[in-house]
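S.K.: Sequence order for the protein chains is X and H.
With full-length UniProt numbering, the residue at position 93 of the first sequence is 93, and numbering never jumps.
With full-length UniProt numbering, the residue at position 146 of the second sequence is 146, and numbering never jumps.
Please keep in mind that the hints were generated in silico from the structure rather than gathered at the bench.
Predicted model only: the values in this text are computed from it and were never measured.
Built from N, CA and C at the ideal position, the CB exists for glycine as well.
Be careful, since some hints might not be right.
Calculated Cβ distances over 10 Å to all of chain H for the following chain X residues [claimed, not checked]:
| no. | residue |
| --- | --- |
| 1 | LYS18 |
| 2 | ASP48 |
| 3 | VAL73 |
| 4 | TYR102 |
| 5 | ALA122 |
| 6 | ASP144 |
| 7 | ALA153 |
| 8 | GLY168 |
| 9 | ARG172 |
| 10 | GLY175 |
| 11 | VAL183 |
| 12 | ARG196 |
Here are some, though not all, of the chain X residues that point toward chain H, as calculated from beta-carbon distances under 7 Å [what the hints assert, rightly or not]:
| no. | residue |
| --- | --- |
| 13 | HIS26 |
| 14 | ILE88 |
| 15 | HIS96 |
| 16 | HIS100 |
| 17 | LYS106 |
| 18 | VAL118 |
| 19 | ILE141 |
| 20 | ILE165 |
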Amino acid sequence: MPPKAAKGEYIETDTGNKISRRSQIHGTQHIILGGKTVIQAEAVIRGDLYRLPSTAASTDPNNPPPPSNTPSVAITVGRYTYISKSAILRPPSRLHRGVHSYYPLKIGDHVFVGESAVIEAASLGNHVHVGAGATVGSMAIIKDFAVVLDGAAVPPGMVVPSWCIVGGRPARIVGEVGEGYGVEGADGGMARERYRVVGKPAGF
Amino acid sequence: MATLKPPSSRPVPTGPPKAPLKADPTATIADTAVFQGTYPVTIGAGTIIHPRARFYAYQGPIVVGDGCIISEKAIIGAQPARSTESKEIATRLSYFVTVGPSSTIHPGAHIHSSVTIEALATIHQYAEIGSHSKICSGCEVPENGKVDEWVVVYGSGLGQRRKRAREANEPGPAVVIAAQVAQVPVPGPAPKGKVIEDARLMVLQKEREVLARMIVPAGAKKK
């Protein structure tokens, strides 16, 4: 990096990702950011927990496993997704056929992850809103346009259907989002606006 | 480079004191884990410390037993700011304890073996958690609070408590009806809680083995 780089809170990449210098990202080679993603300070992203190449493939001597020069992906994050301060993204893990391995965590477009939320889900759909202090348990699946309220505890393995609001501990479906949710500029559709103001001085 | 000293305008860095760390050689401690304080921190065999976990041994020693998993951003101990008493307060984590991401364990807490503490939970001072118990995400155990063995603490605030199922449960009515509809034999009673707990601990063992290979240990040079 040239020494005269502009000193700002955020590093902006070629694809428009705004990543705080104080974010705590591990295993960057296993993370895919879709572009225009915001990652705030002290957010922890565990890309180092990726799926190890399976050892079972080596049992067949005639068909050796292909050289693994393509790194397996631990975390995929979509466009205009916003990871707030102190949030934690860690891929889920489970035991399958006697092998304990980590599974990829997929996050869609226009997703908001609130402050100090802990995400261990298998996938978050598009336009998902996760409130501050919420936890999403291991291998949970949150479908498009779902809302997880502040402080909710989504249990491991729960599947939250589209357009649902879940809250409480443990999280239950408490309502549905109204019509027009997620429309650009309306409630739930502010992702572009959120992205635009990041890194701008206050008052603009 | 002529000098590697810090610029003289800045005072000599008086960073926080680094806690004397006594770790078993089979423990895996990530390079970005933080150990601060004046009292010793002891880490048992096979324990996994995730990156960004923080240990503050300002008020007393911290002892972590064998086979524990301390997740990222977990805080064990407390910053020195609010230490008014000079008494030494030991924090103890027994064997096979799992501490979830961003959870906090205050000094003086005693966590018995095979306890699971989920994400964002808080264990206050002098609390005692009995073995095989579980503190669900976001829950708090109050100061001097005591949680019995085989208890699940869940819900918001102080939370509700219930005993973990230890005896075999007969299949529920929905399962019986589903089995009749599908014309398959009704499944037998669920395994006893002890069996499930043993299985969970075996899975935990596998998880530790995998993590020991993945986490960048302290002292290792980065590529």
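S.K.: Honestly, which of those hints from before does the structure not fit?
M.R.: Hints 2, 4, 7, 8, 15, 17, 19 and 20 are the ones this structure does not satisfy, whereas the remaining hints hold.
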